[in-house]
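Reassemble the complex: the two chains are provided individually, in unrelated frames, and hints are given to aid placement.
Quick note, the sequences are listed as chains C and V, same order.
Positions 299 to 385 (our numbering) are the ones given, in order, by the first sequence.
Positions 77 to 368 (our numbering) are the ones given, in order, by the second sequence.
A couple of the hints might just be wrong.
[What the hints assert, rightly or not] In silico lysine to aspartate or glutamate, DMTMM-like type, Cα no more than 20 Å apart, as pairs:
hint, chain 1, residue 1, chain 2, residue 2
1, V, Lys337, C, Asp324
2, V, Lys322, V, Glu346
3, C, Lys378, C, Glu367
4, V, Lys277, V, Glu314
5, C, Lys350, V, Asp326
6, V, Lys337, C, Asp301
7, V, Lys303, C, Glu357
8, C, Lys371, C, Asp324
9, V, Lys135, V, Asp157
10, C, Lys303, V, Glu215
11, V, Lys337, C, Glu329
12, V, Lys322, C, Glu353
13, V, Lys322, C, Glu357
14, C, Lys303, V, Glu194
15, C, Lys303, C, Glu337
16, V, Lys127, V, Glu194
17, C, Lys344, V, Glu331
Keep in mind the hints are simulated off the structure, nothing from the lab.
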Amino acid sequence: MHDLKLAVEMVRILNIPFGVVVNRADIGDNEVDKYCESEKIPLLMKLNHDRKIAEAYSEGTPFTLVFTEYREKFKQLYQKIQRRVEL
Amino acid sequence: MKELTIISGKGGTGKTSITGSFAALAKNKVLADCDVDAADLHLILWPEIKKREEFTGGKIAYINNDMCTSCGKCVEVCQFDAISEDYVVDPVSCEGCSVCVHFCPVDAIEFNPAVNGEWYISDTRFGPMVHARLGIAEENSGKLVSIVRQQAKNLAEQQGLDLVIVDGAPGVGCPVISSLTGTNAVLIVTEPTLSGMHDLKRVASLANDHFKIPTYVCVNKFDLNTKLTDQVEVYCREHDIVLAGKIRYDTIFTEAMIHEKTVVEYSDGEVSKEIQAIWERLSADLISNKNK
Numbered sequence: 299m300h301d302l303k304l305a306v307e308m309v310r311i312l313n314i315p316f317g318v319v320v321n322r323a324d325i326g327d328n329e330v331d332k333y334c335e336s337e338k339i340p341l342l343m344k345l346n347h348d349r350k351i352a353e354a355y356s357e358g359t360p361f362t363l364v365f366t367e368y369r370e371k372f373k374q375l376y377q378k379i380q381r382r383v384e385l
Numbered sequence: 077m078k079e080l081t082i083i084s085g086k087g088g089t090g091k092t093s094i095t096g097s098f099a100a101l102a103k104n105k106v107l108a109d110c111d112v113d114a115a116d117l118h119l120i121l122w123p124e125i126k127k128r129e130e131f132t133g134g135k136i137a138y139i140n141n142d143m144c145t146s147c148g149k150c151v152e153v154c155q156f157d158a159i160s161e162d163y164v165v166d167p168v169s170c171e172g173c174s175v176c177v178h179f180c181p182v183d184a185i186e187f188n189p190a191v192n193g194e195w196y197i198s199d200t201r202f203g204p205m206v207h208a209r210l211g212i213a214e215e216n217s218g219k220l221v222s223i224v225r226q227q228a229k230n231l232a233e234q235q236g237l238d239l240v241i242v243d244g245a246p247g248v249g250c251p252v253i254s255s256l257t258g259t260n261a262v263l264i265v266t267e268p269t270l271s272g273m274h275d276l277k278r279v280a281s282l283a284n285d286h287f288k289i290p291t292y293v294c295v296n297k298f299d300l301n302t303k304l305t306d307q308v309e310v311y312c313r314e315h316d317i318v319l320a321g322k323i324r325y326d327t328i329f330t331e332a333m334i335h336e337k338t339v340v341e342y343s344d345g346e347v348s349k350e351i352q353a354i355w356e357r358l359s360a361d362l363i364s365n366k367n368k
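If we strip away everything but chain V, and leave its shape as in the complex, we get (with noise of 0.2 Å):
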């Protein structure tokens, strides 16, 4: 079984819209949306929600009125001011770091695993479906995307199927890390704009020359500027990276996405012959073992 992920580095590449398009092409395949903080995926694919279950990524203080004597220590303590005049912790203020559970005098704080998303395998139009919702100003991004990632590649075991398309998290952060470690082979997504380039760069020396995945990259909406799209071909071939293949610009991408399907279901046009094209390029190179 074989693990791809999808990057992007910057956002509002064409990340998401590209992944649903090979959810659409692949065969044999469940799908991860490990990009939790802002999930958007199954905008387009309409997962029916099969599993539910909760995530607690840390802990979180809860102060005993009962036992309360007010005496203010952990307000002292506290950091991050996420404790109220009147003894109530601040759930989004709180980083759970404990240190007034340590302090208070009479043990009245006490430290619970705090409920901060969902995760859910669910079924698609086009095959099984793992995903997750981080609540709102919640963290422990990356601990979630592991989740996600683990409990797909228990799926696709368990169902005999040969491959798993991750969309990955945005950034070169923590979350991306998680989506990155020990994958198979990795897409980036990149345009030509000078963000695109600089965050294209950074995530790629991660990808490739840190975690020495095998990494390739498609330029999105290439013809925007054809100077800046010149200059990451001479960038990959400098760094051994496989060019996939590049997607001219068209608003198909946006009117897709409003009309909740792939681009490849909604367009029979010639983007929707570049993203087949990039597709069979990295599934003849997933098949052929090229990427242990």
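With the rest of the complex left out, here is chain C (with noise of 0.2 Å):
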């Protein structure tokens, strides 16, 4: 949450179009939400913890190869950053 505002700052100051994406979303509080709720930041996508997902990092193998359950959820985010960058 701390780096969060830290980096939206940045991103600010740099005048670049931005959204947010939350890992571990189901360990945390909600205030990742109401922040980006408040800042109308768009919150591009939430992704629970999964330890499956450690362990494919740690081979080296991008998880959305091995868990095909993921690839719905990233292509949709892929979609939304396209049409934001359009925009």
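Structure follows, in structure tokens:
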């Protein structure tokens, strides 16, 4: 949360379009949601904690390759980013 | 007085959580947060600021509009596109090279010290702490790291404390080198991932081979990939690096951070015992004068 605010301030100074993805969203509270809402920052995607993501990463394998259930989520994320950049 | 620096190379390995836990376990010490670009140690140590100082790292150009003749020379010579058409310097783009100051035909450009951040001396529930905040999109963090370390050492000397625990900067660049030079021992916190392994090798060769600082490694989340953990152990043996211990993968790290507590305060489970064992190993070596 603390570092997110710093990063947001930085991209605002540099005037770059941005959005937020929340990783391990189920472990924390909803402070990030509240912050994004009050700052009008698009919350693009949320991922829950999943040990098998960390295990795939440790081998250098993109987890969307081995766990197909994440593919649709990432396709949607990509499309959202594409729409934002084209605006 | 001894100084222990904790670094990681790769981000997200648990360096700050482990430093925070050492803060809770160690006695008679000063804490120094040298991860100044995105300092996080204060989130779990809740420092009460006693002294605040401005940090002036670099310099920045300022165009005096009363004297400026709008000749355009500064815009032409600036390599960073930092000067606008109406002759205002953009403080983010200005690198402080002063080429505009030298070429301005009417000496209309001042070159002033830029305030890039602040540093603080604070009290925490675990003793005194020196920390800093670098401004957003600011630079010269290596210089700010040296100030934080020096202030922490001064404080330890004044108060007769035996140890400075430094939360070092991430990466292998200037602020890391600045966190390492002349320290008595370094602990590298790594994880058994390809990127963790890659960054461990880079940062270990900096600390151990280049600076010849007694180097320790701790593998966090070791059970995530036992094959890579074995490789870390082999690497350490081959390079005369002490494997100080291993910590299992546990969401307690994230939970403790969310509750703004150190891991060892938040939990008395296996993870906390593993961190404590590492601390005992390190402190025994530091006290026994093994690391001169």
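Tested hints:
Restraint check: the Cα-Cα separation between Lys337 (chain V) and Asp324 (chain C) comes to about 19 Å, which is no more than 20 Å; the hinted pair holds. As the CA atoms of Lys322 (chain V) and Glu346 (chain V) are separated by approximately 11 Å, the hinted pair is consistent with the 20 Å bound. At most 20 Å may separate the alpha-carbon atoms for a hinted pair to count; Lys378 (chain C) and Glu367 (chain C) meet this at roughly 18 Å. Taking the CA atoms of Lys277 (chain V) and Glu314 (chain V), the gap is about 12 Å. The hint holds against a cut of 20 Å.
This hinted pair checks out: Lys350 (chain C) and Asp326 (chain V) have alpha carbons roughly 13 Å apart, not beyond 20 Å. The straight-line distance between the Cα atoms of Lys337 (chain V) and Asp301 (chain C) is roughly 17 Å, inside the 20 Å bound, and the hint therefore holds. For the proposed pair Lys303 (chain V) and Glu357 (chain C), the alpha carbon gap of about 10 Å is at most 20 Å, so the pair holds. A C-alpha spacing of about 16 Å is found between Lys371 (chain C) and Asp324 (chain C), which places the hinted pair at or below 20 Å, so the restraint holds.
For the hint linking Lys135 (chain V) to Asp157 (chain V), the alpha-carbon distance of about 17 Å falls within 20 Å, and the restraint holds. Proposed proximity of Lys303 (chain C) and Glu215 (chain V) is supported: the alpha carbons are some 18 Å apart, at most 20 Å. Restraint check for Lys337 (chain V) and Glu329 (chain C): satisfied, since their Cα atoms lie roughly 17 Å apart, inside the 20 Å limit. Proposed proximity of Lys322 (chain V) and Glu353 (chain C) is supported: the alpha carbons are some 17 Å apart, at most 20 Å.
Only pairs whose Cα atoms come within 20 Å are accepted, and Lys322 (chain V) paired with Glu357 (chain C) is accepted, the gap being roughly 19 Å. With a C-alpha separation of about 18 Å, the suggested pairing of Lys303 (chain C) with Glu194 (chain V) holds against the 20 Å cut-off. The straight-line distance between the Cα atoms of Lys303 (chain C) and Glu337 (chain C) is roughly 10 Å, inside the 20 Å bound, and the hint therefore holds. About 10 Å separates the Cα atoms of Lys127 (chain V) and Glu194 (chain V), which keeps this hinted pair within 20 Å; it holds.
Straight-line distance between C-alpha atoms of Lys344 (chain C) and Glu331 (chain V) comes to about 18 Å, which keeps the hinted pair within the 20 Å bound.
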